[in-house]
Amino acid sequence: MKFQLKIWRQANASVAGKMVDYTIDGVNPDMSFLEMIDVLNEELIRKNDTPVAFDHDCREGICGMCSMYINGRAHGPQKATTTCQLMMRHFTDGETIYVEPFRAKAFPIIKDLVVDRSSFDRIQDVGGFVSVNTGQVKDANNLPVEKEKADMAMDAASCIGCGACVAACKNASAMLFVSAKVSQYALLPQGQPERKIRVQKMVAQMDAEGFGGCTNTGACEAECPKEISISNIARMNREYFSAGLLQD
Amino acid sequence: MNWFIKAFTSTLGRKLVMSLTGLFLIAFLLVHAAGNLQLFHNDEGMSFNMYTVFMTGNPIIKTISYLLYATFVVHFLQSVIITIQNRKSRPQGYVKNVANANSKWSSRNMGILGTVILVFLVTHMVNFWAQYHWSEIPKKTYYTITFDGDEIHTAMKDTVQNIYTREQSMQMQNPTYENKVTDIKVHRVKDLYKTVEIAFKDEWLVILYLFGMLALSFHLLHGFQSAWQTLGVNHRKYVPIIKTVGWLYSTIIPALFAAMPLYFYFK
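The listed protein sequences derive, respectively, from chains A and B.
Sequence positions in the first sequence follow the numbering used here and run 1 to 248.
Sequence positions in the second sequence follow the numbering used here and run 1 to 267.
Chain A extracted, bound-state conformation (with noise of 0.2 Å):
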């Protein structure tokens, strides 16, 4: 397969950046959007061009670390689909695309397509974790979970924090990861003592970071690899007042 790639480069976060075109064929369709990139990266450094810097690690579609916006999508045009999980039989031969960083005040670009979403980590930082050691794996009926409420925590806690939720809001908005935070631990035993204190602060950060407010469009969970739905914001929203108003 044979592609035109218009790629945003920019050497770093004080220069400017823009779109430069490469034209790359014998793309194998079954190789990874990112296994594309590598093999352009290789003819980049062949040619003694310095190659496009990206994220990448597990290649799995499991660590969150694979970014981009393809084609004016995060992850690119394949639904509930990580960058790294995007083959190339996904696109018709000879077809323009266009790959740019996330973008957000809150991530700046650090090179090329690498962008810093260190602000996720500090707002996990402030509360997205139980405090003290949950010990052992308890007998099965010690601690008991009603199923539904277990099964909506895990589905919360599948969020990878890639940032395309950020990415793909029109406000740069990171409601739905942090509300996937927040929701893992208020729906069981074990996030109850640091319930409302945590909902709290990881909010407060999330503010200070500089992401947008939420205006319910739903692009997040739209674009979200992980599906993680905006029942999330709407009890992270119930959380956060709630914590405020019946606080002790």
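Worth flagging that the hints you see were computed from the coordinates, not collected in a lab.
Fair warning: this is a prediction, and the values are worked out from it, not measured in the lab.
Among the hints, erroneous ones may be present.
Taking lysine-lysine and the PhoX-like style, the derived pairs with C-alpha atoms no more than 20 Å apart in a straight line are [as the list claims (entries may be wrong)]:
(1) B/237 with A/201
(2) B/243 with B/104
(3) A/105 with B/243
(4) B/6 with A/196
(5) B/96 with A/111
(6) A/18 with B/267
(7) A/79 with B/96
(8) A/147 with B/237
(9) A/149 with B/243
(10) A/6 with A/47
(11) B/267 with B/194
(12) A/105 with B/96
For each label pair, taking beta carbons as the anchor points, the in silico distance ranges come out as [what the hints assert, rightly or not]:
(13) B/123 with A/96: 42 to 48 Å
(14) A/201 with B/126: 44 to 50 Å
(15) B/118 with A/80: 28 to 34 Å
Note that beta-carbon positions come from the ideal geometry of N, C-alpha and C, so glycine has one too.
Here the structure of chain A is known, so what remains is to put chain B in place on it, guided by the hints.
The following block gives chain B in isolation, referenced to the frame of chain A:
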């Protein structure tokens, strides 16, 4: 107190304010549409003009109307603040962005739709509200006759006179006859109906109104369900109900309003 300020200036708090003010404005639309159905009565504007007197005179309604103006201002100002904040969170936009693939047009353009509604609203207030309150508009007389215990409302002076003289002549012929007309009330009220009638003969105004209602429809299409989501009402039991009611609301209410200028234009 500190918590309140912090909470209501957070991104979540600002959303909540938009949602609550939005829902109040949505409730107002229903009352406004229902009340203005009086325009369709073919009674020389009597129902409508008497309704206007009630709406502008009643102290409770007056209080609510001030609350309504305040709500609108808060909804507007809050939206400006939110829009500025949201714009700042993405200083550099995408070269290629296919937003249609993941969200509805109306949900992404609430600001533009709101601005159209604002322009419409200013025109609307100048046309009718300001006319009614601040300028001399011609008055019209209506009568309420209490006949045999029943109240009859009419705009026809002749009808009142006919009934009254007939009763008087009956009384002349038969002194024991009891005059059935026990009371006649004369109402001299501002003829806002006439103002409406004249205003909607202007095709440009009619077009603006229709455009305004189209914008309102799309604004409600997103706003109605969005308000509930923000309040945290997202549940598999309620979401289908909210979506259906929201869809009906955002079609029927603007359609009723749009019917008003069309009715007078073609009348």
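- Item | Violations among the numbered hints | 1, 3, 6, 9, 15
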